[in-house]
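These protein sequence lines map, in sequence, to chains W, D, V and S. Mapped onto the working numbering, the consecutive letters of the first sequence carry residue numbers 215 to 578. Mapped onto the working numbering, the consecutive letters of the second sequence carry residue numbers 215 to 578. Mapped onto the working numbering, the consecutive letters of the third sequence carry residue numbers 215 to 578. Mapped onto the working numbering, the consecutive letters of the fourth sequence carry residue numbers 215 to 578.
Just so you know, the hints here were simulated from the structure itself, not pulled from any lab data. A few of these clues could be false.
Copies of the same chain look alike in the list, so a pair counts if it works inside one copy or between any two.
[Unchecked claim] Derived lysine-lysine pairs resembling DSBU-like cross-links, with alpha carbons at most 35 angstroms apart: (1) K542 <-> K288; (2) K509 <-> K303; (3) K394 <-> K315; (4) K542 <-> K315; (5) K542 <-> K270.
Each chain, letter by letter, is given below.
There are 4 protein chains.
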Amino acid sequence: MPRPYATKGEIIMNQIPVAVLGATGSVGQRFISLLDNHPWFKVVALAASDRSAGQKYSQATRWILDTPMPDYAKDMIIAPASVEAVQAKIVFSALHSDVAKELEPQFAKAGVAVCSNASSFRQAEDVPLLLPEVNANHIHLVKEQRKIRNWSGCIITNPNCTSTGLTVALKALDDAFGVKKVFAVSLQALSGAGYPGVSSLDIMDNIIPNVGNGGEEEKVETEPRKMLGKLNQNKIDFADIKFSAHTNRVAVIDGHTVCASVEFSSPPADIQSVLQILNSYQAPAEARELPSAPKPVIHLREEADRPQPRLDRLTGKGMSTVVGRVRKDSLFDIKFVVLSHNTIRGAAGGSIYNAELLVNEGLL
Amino acid sequence: MPRPYATKGEIIMNQIPVAVLGATGSVGQRFISLLDNHPWFKVVALAASDRSAGQKYSQATRWILDTPMPDYAKDMIIAPASVEAVQAKIVFSALHSDVAKELEPQFAKAGVAVCSNASSFRQAEDVPLLLPEVNANHIHLVKEQRKIRNWSGCIITNPNCTSTGLTVALKALDDAFGVKKVFAVSLQALSGAGYPGVSSLDIMDNIIPNVGNGGEEEKVETEPRKMLGKLNQNKIDFADIKFSAHTNRVAVIDGHTVCASVEFSSPPADIQSVLQILNSYQAPAEARELPSAPKPVIHLREEADRPQPRLDRLTGKGMSTVVGRVRKDSLFDIKFVVLSHNTIRGAAGGSIYNAELLVNEGLL
Amino acid sequence: MPRPYATKGEIIMNQIPVAVLGATGSVGQRFISLLDNHPWFKVVALAASDRSAGQKYSQATRWILDTPMPDYAKDMIIAPASVEAVQAKIVFSALHSDVAKELEPQFAKAGVAVCSNASSFRQAEDVPLLLPEVNANHIHLVKEQRKIRNWSGCIITNPNCTSTGLTVALKALDDAFGVKKVFAVSLQALSGAGYPGVSSLDIMDNIIPNVGNGGEEEKVETEPRKMLGKLNQNKIDFADIKFSAHTNRVAVIDGHTVCASVEFSSPPADIQSVLQILNSYQAPAEARELPSAPKPVIHLREEADRPQPRLDRLTGKGMSTVVGRVRKDSLFDIKFVVLSHNTIRGAAGGSIYNAELLVNEGLL
Amino acid sequence: MPRPYATKGEIIMNQIPVAVLGATGSVGQRFISLLDNHPWFKVVALAASDRSAGQKYSQATRWILDTPMPDYAKDMIIAPASVEAVQAKIVFSALHSDVAKELEPQFAKAGVAVCSNASSFRQAEDVPLLLPEVNANHIHLVKEQRKIRNWSGCIITNPNCTSTGLTVALKALDDAFGVKKVFAVSLQALSGAGYPGVSSLDIMDNIIPNVGNGGEEEKVETEPRKMLGKLNQNKIDFADIKFSAHTNRVAVIDGHTVCASVEFSSPPADIQSVLQILNSYQAPAEARELPSAPKPVIHLREEADRPQPRLDRLTGKGMSTVVGRVRKDSLFDIKFVVLSHNTIRGAAGGSIYNAELLVNEGLL
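One chain only, chain W, in its complex shape (with noise of 0.2 angstroms):
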């Protein structure tokens, strides 16, 4: 296939056309802010369930974003999230899983690149599920993905909001100390449930103990274990970590925080070499350098009482992993506290991050 937009170290001559599946989401709605001016891609398609297509976007959303609806989106017509409707080389999926399921294989045998915030493939054995500051290699599992599903196009996953964060401050962590157990409670944020999501009633003056009808728990105890894992002859040999993961919903309108406690295979003399490591984590080569790549990859901060979502969920554009409170553990070796954008870092901004990985990589 001839890729006229991008080989590594090329200029970007020609922006690369991308649509947004699920575009009058709270994700969708993520994705349709951070493509607004990205320097690679441009959004030829926003796409919706029947009951939207047709519309103006501007008529068809409830945008629920703090900054304005971009100028490029208000008066596209949203198009119905079909194959024939939706003419891009890359899609962005915001799609429930249940569709996202159907719809997405579709996408990807007719040569399109899905990346995709739904959880339907993120397990399957030959589809990535990627935080390119941690696993950019795994980005050449498409070739197998291809191979084996007669594909011209792929699919690429991003993990779970509450994965996200964790999995950054873990591969620092496992890199440098070995990490065999992970105890971890998150405070999840609502814009995680999507909209309208969780009704006010339920949250004012009160927690959740339990997101996702338990599923999130799950998640949290799997997907890292895949990402920090190793790319060994077109499989991944997943992480040998074990994890134990409370999930609970808390009246924050974005950022995700866990707490956690990791029990290493090569503890470290002090909490000081933990800080050193942390602070100076590095994204892979391949994956430092691309427009979304979050700088820093991981800010440590050292007062007392951060990270907070309200705070400190903007740092680096949303895409910095905050960690904070490192200190003993008196059961595990350490414990912390983490926060990463739910709906950025965790969300749409993941996938964008992604697609740039796959760009740079040549396999668009």
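Please build the complex by placing chains D, V and S on the supplied structure of chain W, with the hints as guidance.
Below, chains D, V and S without anything else, positioned relative to chain W:
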């Protein structure tokens, strides 16, 4: 000392005169509210800082509870918090720790039973740290205390509000399966910080991943070990359990939630056995029929998303411990969520329950 | 019709069988809660949409009140909301307006007294719009209604929850000084929108300056005029008062607050006269001793910053109207703040109070 | 005095040295944030109370904005707030009124232009109360001020944050239709009370129907009359408009909302004319192209439920006034909702805009 007030099984003929120290603050207000129409106790004095002393209670106090200020308190003149000014058999202390450290021993020396919510003496070897439904027999440590310190009164304490519900649940489990290790992450209510306490600008759309500047975590890792310990020849042998705690402040008015994972020495065969143990747990006989005894001690919720602080904190008039989401843990044996009302069971209600036990055991 | 249940002053020997239509929603839940142990009424049927019919109430309902679901309701099987399926002397309607419009007349025709919280018939000429502490005598409009419509039952309605507290305060003022003009701005609670109602993402750190898509303002400008009007030969002469209303949704769970400025035809000499009138207001004699009669009707607060919804909404078990900050107005005569519990006095409690009046007046 | 910095139309060659008084508080933080990279002004000193003086800014300050502390400020040593310690041409004052009353005249006497957010001098006859997009020409009152007080510097003030947006909207309407009467009810954000300001226990699930202990209402009833007045031979003739204000605190972080009803002397024929006037309003020529000039001055929203503080407060970088829900009023002529960012347009941003006008008019 003749006890005209109460002995086991006797009818209380005369009410016992009691006082509240630190009466204007948030815990002080709970004391005053819970002591309204108490069958055994009659509030004869309200004491507070010199700034408030001499004023009517209703004038000096910014009442923050959503139940009205009891009539009996409105016109009482606030006394200074001194032994001379406060004449009572029992004082309930809602003092700050630094003030409590000075003042509570003066009352104890003067023959008064101090039932304290402050942390100052919780870890003193001869001071009972009490949850009557857990360790009622520790009350007898006051005999040793009186001997050593040559006091005719005494100091008895209730634990930190975050330890409270957790310790009740652990007691039931420890009796049945032997608790070895506990991971605990709290989501704590705002009223735990007193009034004015947490600024609205710090907690709206936010969480603070630190309580009490870190000191809270140490308390949660230590206090349950004393309460789950054994009274052995006038001292407490701490329970051999290891704790790791993370504490967080969230936007909830009342009710502390704790997510816990627990490892047992004799794990049960299945979750059903755990549920049955929690469901059937009863307070020690001597603590079971007191006026403030929680009914039930543990309320087990079987829904997938309970307990929730707004909906469940007033279970058993705020004295019950509510447990839910009991399930297998992939690192330890089980995990669950526990909720306890922090200013009722975890503070004022707890101190009053302790006082009732003291009276009932003939130790006043 | 013989009335075995109640006449003025008689002791109630048998309870009256009642039903709740729309029993699973937020107002339905309040009905069920408030009817628990009601001295006159016994709930014999709970009805809801076909989706819920046939299930146990406790299974079909996501209970959102912070008081527990009454035991009597838990195992009741939900009936379909039809005249055939629901056998009762009185039905309390928490139906949506469009459903109410169809269904309530069918019940009335079948001889049932419908006490409705829906807006469908509030402005019908022959339907009483009632706040018993304001216009108890309007209840006699049901005689005309029965004659015109040839019904053996009837429909009586309570006003919109935002009008409720305002109208009670205005009644006291109108009797004394003649109300001519009212400017009213509401700050309304979330429970007024039902469940799930307002999305948390719409109201956290936010206000919505519009309720009911504008329709709420029209109701506040119209309904008080009917209630403050006079029953004159089988019709209501509306009060000659002009209203201007702005309505807002704010992040409060329960309790609607209204800021009002009022112009009088016979202004009082001073604010003290206004306070005295508000303080001494009493319900009409026939509405004064009913089980749900508010005690007091108006609770006047003299602090500078009251009423506040969280602290004051449960005044008089949620049936009292709380007024505060009464002061001179620079454009009209006086201004003040009025608070009323929107799902108790403003909805379910109001309908029950209406039913009690109906029974007591011998009109059942 | 030679002005090396700026004259009308000149390019600014050198930046003007400025300082912030009260730099550690919430408005002080906004000043520091908004002055980062300001094209004309260079912050040379940060001053605060003696408690903070001598410390690094980053150490002494609990930063509460969700944008990071600017780098330039972090290592600045906080100066005491005295004329001797602070060398600058302009000082921005975020002092409390009582301190401002003493200190600001000392700076003015010493030749410094004080751009103050404090209320101390707003009503002084010779002190401009300025919103440049409303009454830019009032700036010339400083000539009279300098003459009378024999100052080489001056004091210029910006209004109370609740008056700000309302006055901008009224200016456009007054020019076109003549404003006679205004009812205004505010729903004010928490940041308006400073930090720590409002306790979370006072505002969660609540509103406080009083701001500034009543003083806020007087300001809203007075300040707009000065700003909408005419500069007439060295004094301001207040506008002949009557105001009635109610002020409320709500659970919103930033952004004051005001519901207003307005009576005109020459009412427009229809709402369309009002919309057009609001939409086309422009600042006076001399205030139009300044660095902080709002673009647009008024942003008119036509949706049924806007403006909303969380979604609209950052319109025009927080300097625009957002107006919506313009509709007929049944008592006066029209009613509408107006929103303004209270710590940007209503405080720090307003003072900076004033300073820019002062410079541009050659009055520094």
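Structure-based check of each hint:
1. In the homo-oligomer, the alpha carbons of K542 and K288 lie at most 35 angstroms apart only across protomers (29 angstroms), although the nearest pairing inside one protomer, at 51 angstroms, exceeds that limit.
2. Taking the shortest Cα distances, K509 and K303 sit within 35 angstroms of each other inside one copy (27 angstroms), while across copies they are farther apart (38 angstroms).
3. In this homomeric assembly, K394 and K315 come within 35 angstroms of each other (Cα to Cα) only inside a single copy, at 33 angstroms, whereas the closest approach across copies is 44 angstroms.
4. Proximity of K542 to K315 under the C-alpha cut-off of 35 angstroms is restricted to the inter-copy arrangement: shortest distance 30 angstroms between copies versus 43 angstroms within a copy.
5. Within a single copy, K542 and K270 get their C-alpha atoms only as close as 54 angstroms, which misses the 35 angstroms cut-off; across copies the closest is 30 angstroms, which meets it.
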